[in-house]
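Visitor: Protein sequence lines, in the order shown, are assigned to chains A and B.
In terms of the UniProt record's numbering, the first sequence has 214 at position 214, counting the first letter as 1, and numbering is strictly consecutive.
In terms of the UniProt record's numbering, the second sequence has 509 at position 509, counting the first letter as 1, and numbering is strictly consecutive.
Please note: incorrect hints may appear among the correct ones.
Unchecked claim - Derived pair list, reagent style DSSO-like, types lysine-lysine, alpha-carbon separation capped at 30 angstroms:
1. B/LYS521 x A/LYS23
2. B/LYS10 x A/LYS195
3. B/LYS52 x A/LYS46
Worth flagging that the hints you see were computed from the coordinates, not collected in a lab.
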Amino acid sequence: MNIYVLMKKTFDTEEKIAVNNGKIEDDGAEFIINPYDEYAMEEAIKQREEHGGEVTVVTVGNEDSEKQLRTALAMGADKAVLINIEEDVEETDQFTTVKILEAFFDDKDVDLILAGNVAIDQASGQVGPRLAERLNIPYVTTITDLQIKGETVEIERDVEGDIEKVETTLPLLVTCQQGLNEPRYPSLPGIMKAKKKPLEELELDDLDLEEEDVEPKTKTIDVFLPPEKEAGRVLEGELDDQVKELVSLLNKESKVI
Amino acid sequence: MDETKEKFFKGGGFLIEDLQAEDVITPEDFTDEHWMIAKTTEDFVIGEVLPKVDNLENHEFDHSVKLLKQAGELGLLGADVPEEYGGLGLDKISSSLITEKLSRAGGFSVSHGAHVGIGSLPIVFFGNEAQKQKYLPQLATGEKLAAYALTEPGSGSDALGAKTTAKLNEAGTHYILNGEKQWITNSAFADVFVVYAKIDGDKFTAFIVERDFPGLSTGPEEKKMGIKSSSTRTLILEDVEVPVENVLGEIGRGHVIAFNILNVGRYKLAIGGVGGSKLGIELAVKYTNQRRQFNTPISSFSLTKEKLATMAANTYANESAVYRTVGLFEQSLGNLSQDALNDGKEVAKVIAEYQIECSLNKVFCTELLDYVADEAVQLHGGYGFMQEYEVERMYRDSRINRIFEGTNEINRMLVPGSLLKKAMKGELPLLQKAQSLQEELMMMMPEEVGTETLEQEKYLLKNAKKIGLVAAGLAAQKYGQKLENEQELLVNIADIVGEIYNMESAILRTEKAINKNGLEKNKQKILYTEVYVQEAFNRVEANAKETLIASESGDTLRMMLSALRKLTRHDPTNVIAKKREIAASIIEEEKYIV
Chain A
1 MNIYVLMKKT FDTEEKIAVN NGKIEDDGAE FIINPYDEYA MEEAIKQREE
51 HGGEVTVVTV GNEDSEKQLR TALAMGADKA VLINIEEDVE ETDQFTTVKI
101 LEAFFDDKDV DLILAGNVAI DQASGQVGPR LAERLNIPYV TTITDLQIKG
151 ETVEIERDVE GDIEKVETTL PLLVTCQQGL NEPRYPSLPG IMKAKKKPLE
201 ELELDDLDLE EEDVEPKTKT IDVFLPPEKE AGRVLEGELD DQVKELVSLL
251 NKESKVI
Chain B
1 MDETKEKFFK GGGFLIEDLQ AEDVITPEDF TDEHWMIAKT TEDFVIGEVL
51 PKVDNLENHE FDHSVKLLKQ AGELGLLGAD VPEEYGGLGL DKISSSLITE
101 KLSRAGGFSV SHGAHVGIGS LPIVFFGNEA QKQKYLPQLA TGEKLAAYAL
151 TEPGSGSDAL GAKTTAKLNE AGTHYILNGE KQWITNSAFA DVFVVYAKID
201 GDKFTAFIVE RDFPGLSTGP EEKKMGIKSS STRTLILEDV EVPVENVLGE
251 IGRGHVIAFN ILNVGRYKLA IGGVGGSKLG IELAVKYTNQ RRQFNTPISS
301 FSLTKEKLAT MAANTYANES AVYRTVGLFE QSLGNLSQDA LNDGKEVAKV
351 IAEYQIECSL NKVFCTELLD YVADEAVQLH GGYGFMQEYE VERMYRDSRI
401 NRIFEGTNEI NRMLVPGSLL KKAMKGELPL LQKAQSLQEE LMMMMPEEVG
451 TETLEQEKYL LKNAKKIGLV AAGLAAQKYG QKLENEQELL VNIADIVGEI
501 YNMESAILRT EKAINKNGLE KNKQKILYTE VYVQEAFNRV EANAKETLIA
551 SESGDTLRMM LSALRKLTRH DPTNVIAKKR EIAASIIEEE KYIV
């Protein structure tokens, strides 16, 4: 089976976000594999262990993305592809990423593509489904179980806490939800082997794309942090007075009623 | 490692040599693989071990065994075991990073350390081919777990005073072991014990003893102050029959194994101390950022900043020093052939070359750990006294580090002794240096010190080395062979030598980093170095002064003190201001950063 994993690097969950000139500062930030993509990685390895084949992990990013790709290789992926757009593209959106991936998959023989349900940074959840549309293959989002039986695929997906059972066929794209599996730690032998596994680097040119082809369809107007949370206030006095004060505060100060 | 031969540095040589930044290995040289190994270890500790801490602290050792086996599956037990014997044969930086990251697991890290270090390494280093084939593959994966049994009720630091006996049976097939070994880590579940006993009452020898050899049993679990997550029991040997092929190393040469293993144990404890110090800083800064008094986060008080910065600057120096030592191992091991690397004795020899560095690292890192744990509790106020807070366990867990693998007192006293031995054997030209220095001091003129980054620090380091030679030289001259009775002086000298190693390691690391990517990106490192070197130099001066006063009197003393004054003349650094700057970045990042 030809299995592909779409991976994105995101800020480490412990990183503090700083905004400067409408942009998120990433200088010196620590990056990790998007946690939902780790479920995709783990599932890909498990499916390969069961059905054989090869796992290729693909990312659209920059030179620094190599680190996360090596981690994926250490977890057990067979090959990695870095589509490095640092030199060619300034602004990106989901369209950009999908367009690039579409071109990448153009000549690939695909059985299964796995992606995270969302990325924890921008959380659009669009790249997977839109790519499947462009490739004209079925897709199922937020999956929590995946059973492949020949050409038939049985899936359980998370629907706001309920489970929906879906049957579909290969080739297929799925996006992975928490609960699907427990991602493994890259083992030390895995880390040492990862050094020797192939990591291919591509640029737009290699995919026959021009900068104009991938120009974003959306424009980011502004980026700002949520207002800082202020300390709570404890009302005092008789219960009746407290209620009156609360109503008046909700009305006049926070203007919610 | 490069194909070319690495430069070789003598153990203890730092006292007299002037090194270049490019001569030392620093954490900034670690590769992506090193950091991935560190991350896997850290994730394992946070994801698997910490959730089980309550069970482990309650002595539910089935969890320890399970976690150790899980660690084995990840490769966390095989780093120091050659590939040929089922391990990973990684470099010493990798295995050190595993140790550093595991330190957060408290008592469990002691279980891990006892298994991979003192439990397995005697076989890695001194086992014969059959013993290695038989035991190492299972130890590397965690299928079997190891323990180390040296200490006895009546013999701690005096290891050779052991009373456990071994007697060859009449058939000549087995040794019969009798005795008691005390405070044996992992004894609740270990399958393999390295046990020391005396054959015929005098030949101190190591044996590989399996748990199910008849006659072997363990006493009740000890009730300890800390590291409760580790198992500690007495190992009882009653007519235990050990096959003759299980003699480890040579008969009567058990002390060679014991001393070599101690060296390893020491640098590993030092690395654990660095990991623990970093954790202490993180716990302290997170708490003080969040805790508000007088409507202010208590991290914004300058006294809090002083504490955080002192912890961090000292951690930086220790980290620089201990990874420099590990780098020394790597540089020397790089000169060995693959055959020599597989023959563990050669590896042990390389580590033993740096026993002075190992002892100094152990002393400095474990004492800083205790200091950090203590101050981290203090910064938590009353909450730090409560068991819900990780810092409470850290405080109790840290204390043992100053005691085991040779008390810090023993380790300190080993340093001047080893230096003197090296000088006598002609391995280090210490005496020549000391003599030429005396002449130099007579003529010494005050020196103009530059104001470029690190110039002042290098000047202080240069003078600290001279002060060290003066103090050690004087004590040696005055007391000769009887110096070993002057334990206070030995300890003073060891402290001076240790400060020199730490100062130099911090300076060279910072300089190497500046050479690589400039001043701007290394501000924090520069501040750490400036603060550490100034404070260390003050301690060097105090120790030297005390040593001179205890060794000389009258005019000679006055002359020596005047020389010391010349050597210590400098424009002091404003450490309070620099510490506030250091703390600002730590408070911002909520952890120890470089």
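Visitor: Take the hints in turn and mark each one as holding or not.
Guide: Structure-based check of each hint:
no.	hint	verdict
1	B/LYS521 x A/LYS23	22 angstroms, holds
2	B/LYS10 x A/LYS195	33 angstroms, violated
3	B/LYS52 x A/LYS46	27 angstroms, holds
The structure shown violates just one earlier hint, number 2.
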